[in-house]
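Going line by line, the protein sequences match chains V and E.
All residue numbers for the first sequence refer to my numbering, where the first residue is 56 and numbers rise by one.
All residue numbers for the second sequence refer to my numbering, where the first residue is 56 and numbers rise by one.
Among the hints, a few may not be true.
In this list, chains with the same sequence are indistinguishable; a pair is considered to hold if it fits within one copy or across any two.
What the hints assert, rightly or not - Calculated pairs, BS3-like style, for lysine-lysine (alpha carbon to alpha carbon, straight line, at most 30 Å):
{"hint": "1", "residue 1": "Lys467", "residue 2": "Lys120"}
{"hint": "2", "residue 1": "Lys58", "residue 2": "Lys222"}
{"hint": "3", "residue 1": "Lys270", "residue 2": "Lys362"}
{"hint": "4", "residue 1": "Lys120", "residue 2": "Lys85"}
{"hint": "5", "residue 1": "Lys332", "residue 2": "Lys201"}
Simulated from the structure, these hints should not be mistaken for lab results.
Being a predicted model, the structure only gives us computed values, none of them experimental.
2 protein chains.
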Amino acid sequence: MSKLVKNAVGRMVPTEINGQEVIPFKGVGKHRPAGRKYAPPIPTAMDYPDDGNKVVASLKEALTKCGLKDGMTISTHHHLRDGDLVSNTIFDIAHEIGVKDLVWFPSASFPCHDPLIKYLEDGTINRIEGSMNGPLGKFVTQGKMKGTAVLRSHGGRVQAIQDGEVKIDIAVLAAPSSDPFGNANALNGPSACGVLGYATTDYLYAEKVIVVTDKLVDFPNLPMEIQGNYVDYVVVVDKIGIPEKIVSGTTQITKSPDRLLIAELTTQFLLESGILKDGCYMQAGAGGTSLAIGYFVHQLLKEKGWKSKVGFGGSTKYMVQMLEEGTMEHILDAQAFDLGAVASIAKNKNHHQFPVFNAYNYHSKGNITTMMDIMILGATEVDVHFNGNVVTHSDGYLLHGIGGWQNCLHAKNVILPIPLFRDRIPVIKDEVTTICGPGEMIDIIVTERGIAINPKRTDLIEKMKDSKLPIKTIQELKAEADAICGPSQKPNLSDEIVAAIKWVDGTVIDVVRKVIE
Amino acid sequence: MSKLVKNAVGRMVPTEINGQEVIPFKGVGKHRPAGRKYAPPIPTAMDYPDDGNKVVASLKEALTKCGLKDGMTISTHHHLRDGDLVSNTIFDIAHEIGVKDLVWFPSASFPCHDPLIKYLEDGTINRIEGSMNGPLGKFVTQGKMKGTAVLRSHGGRVQAIQDGEVKIDIAVLAAPSSDPFGNANALNGPSACGVLGYATTDYLYAEKVIVVTDKLVDFPNLPMEIQGNYVDYVVVVDKIGIPEKIVSGTTQITKSPDRLLIAELTTQFLLESGILKDGCYMQAGAGGTSLAIGYFVHQLLKEKGWKSKVGFGGSTKYMVQMLEEGTMEHILDAQAFDLGAVASIAKNKNHHQFPVFNAYNYHSKGNITTMMDIMILGATEVDVHFNGNVVTHSDGYLLHGIGGWQNCLHAKNVILPIPLFRDRIPVIKDEVTTICGPGEMIDIIVTERGIAINPKRTDLIEKMKDSKLPIKTIQELKAEADAICGPSQKPNLSDEIVAAIKWVDGTVIDVVRKVIE
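Bound conformation, chain V alone (with noise of 0.2 Å):
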């Protein structure tokens, strides 16, 4: 590993990953990015059938048609979650032909990828970019992965390809249907998923495209999600997912009387702050808690007769409730979390696809992120100093990927409710165990026991000054959860670096170390 270096938000990285230069993070808008974007080969469509069937017989005939060879590059997208039955087959047929050091970049990981772990073990996989969940990820935070994981945000991850800090050599991109000329989208077929926004970047920049398909429809295949002109070859097979666990059947909103409350306080404070108005921009996500927040503010906007104007998916049926209830004007759906999602896809037309690459790629002309009024993150850690850490515990182990966490930082108003502990471990800290996202753009901390608003926004503070919400300071929350819990532990680790967290602009803005056990 190369020399360390003292980043901008004080952490100790270093200046090398995986033989490559990176650079430190500089501060949030410090970093200005040199040079061009990243150029694929010209194709020419003289080596492309006439009649437009790129059909071939298996996934390892189009691996081996794009030269699958060692230390390759190979991307996927995760559209199919838990339920993809695509991802590792690549794997295991990069064994059989004994293809070794290979990099796994996907969009994101689940679960279900967790045979590939012996693939790492044998060499077949150098290393994976990107998020790791669970066994994945705790076998990484042991240092038993032969490269260094690189993490990165969505946003960050189509940053890194259209820069050319990832070169991806085969983009192998599941499609719940397709043509034989590669136009494929998700909207229906056995394995529909809603939207492919996510493999966008990976079809614009990647030498070679496979599609793999369970739905082989004639052409022309519209919307082109993935557009057949990017693509190579078109793979037909039995099935490339797990209907049930590519979405599931139902989101539910939380039962916890805790977590309601934090959903309580959270909507009180949007609607007493302001910042919840006619006409907002607001984005959440799909878990118990967001999914009561989204519910509370339904019922808020139904009773005000006011209407968000856009809201950003990770779409689930709340939010297609909103949209067909009238609450909310436009939804743009980056992922599709729930059936009710996939099907309103299909059938609203206001409820539109709107991939990553065009709402949260920091390497763009804006941002649609920064627009956002109202945005509600999770967090795994907070800080004293407002930072937060969504991909490792308290205990060091790296068990969750970034999603959009880091490019959702850039809204208007930042928003996490969390539980003030965790099976009685404090989630505010003296210091965060990796630092995802700086304090600076992390404005408001919602827990059961009392609201925090971040110092710098001294506009959130004046208005609320009179609220009856039990408004406190960050270290007033701090203090009472140690008082429960105990002070917090500190994980205890190595100095192997395992792991980088990239911010939006590709700098590095923290490391995850090897947990001693």
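Model the placement of chain E on the given structure of chain V, informed by the hints.
Showing chain E alone in chain V's frame:
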């Protein structure tokens, strides 16, 4: 001018144009591109307003902020056709500021752009790279333009931008509606023109992008035919176009008895040859003869209970009628020719926006055009080798653009329904004035006095051997025309090259020489 070499169709072409090295045409499917696509600079969201509002006060301000200076290449699209009020304004501003030697790179030009001649004369514009009709073309053929014109097909223009042969400094994109972020489409507004697909490559690859609209709408303006993430500035003006000149109120089927005969012969040929069949893919233009063919085909399909699976537009109300009456399943649309087509795009779910970016670019992973069964095209001249000319008249004057003509030649069956002579000048020559497409790609010539099948299409000759249709050789057709009109006169040309004609792969297939008047 650099040295001349003989290319694969026997034309003497230069190896350098406007100081840039060029490759002589090597034959159809013979030139393999090397290298990588063009890469524009990496932008950063930190340079764009957080509230997403990119509106500036005037086009002059936007151009100034984009750093307009001598020698730059300015691109525009032609969806506003002869009603375009934006393109001329750019050069009025450039002239006012005193900027010189610009390159105008439109996707096509129209008579409304004739006022630009004064800027070609005074040095504001060095040259036009794009189609030139009427006076602009005449000006060029008279050798009056400072630089050399470069003509490309619609797909060739995409290829040239993508491959970096033309680097766009500033794309000025007129848009019938835009939000303040620059998300734009053409579905409504006073200047609605249906689609904006000719602008796709421009906004993806230009260094700077300006959207000019006369209908500013709230975010989010969807669909994003122009994606705001690529847009630098939005300018709101009173009027971007003259509606009645943007689309003709009505496109009209020919009333000429000769043209109607040509249309009937063409339709009968399509039927007898088996080219017209249930499920066929077809494309025809918006000229009076093409429309008549479309109408006859529509009737035939109805009679037979058949359906065209895909119609590729330039769309007209006649295609829309096919869609709505069930003889066409999908319209893929690159350009709306009349008001009926514009209205249909907004309302018919099987009438799809389909940019030439995805249909025609030869340097992509396959073209849509090769899948077309029936391709109806025009020509100013054809020769006994079936070579076709669409840009110059027999007197040598450059009076038309290439449009999608070269791209469309890649279809399975290319049919040219053309009159045997125009104004007593025969259309069939020993040698065309300008080769825009090699004879091997043109299958059938249909005239009012007979039908010629390309000898290389032995399959069609065999199929039609018992037909009662007037099948003749092309030499026979030529002899008939010559007998009526007298032998063709050669145009009176100097050696001076005033324009280059590019093939779909970026090579030079022919040149246009100065006419001696």
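* Using 30 Å as the alpha carbon limit, work out where Lys467 and Lys120 are close: within a copy, between copies, both or neither. => between (48 Å within a copy, 27 Å between copies)
* How do Lys332 and Lys201 come out at 30 Å by Cα distance, when the copy is not named: within, between, both, or neither? -> Close neither inside one copy (50 Å) nor across copies (59 Å); limit 30 Å.
* To do: Up to 30 Å between alpha-carbons, please classify Lys58 paired with Lys222: within, between, both or neither.
  => within (25 Å within a copy, 40 Å between copies)
* Asked: Are the CA atoms of Lys270 and Lys362 at most 30 Å apart within a copy, between copies, both, or neither?
  -> between (38 Å within a copy, 23 Å between copies)
* To do: If the cutoff is 30 Å on CA atoms, where do Lys120 and Lys85 land: within, between, both or neither? Let me know, please.
  => between (43 Å within a copy, 22 Å between copies)
Checked against the numbered hints listed earlier, the structure breaks hint 5 alone; every other hint is satisfied.
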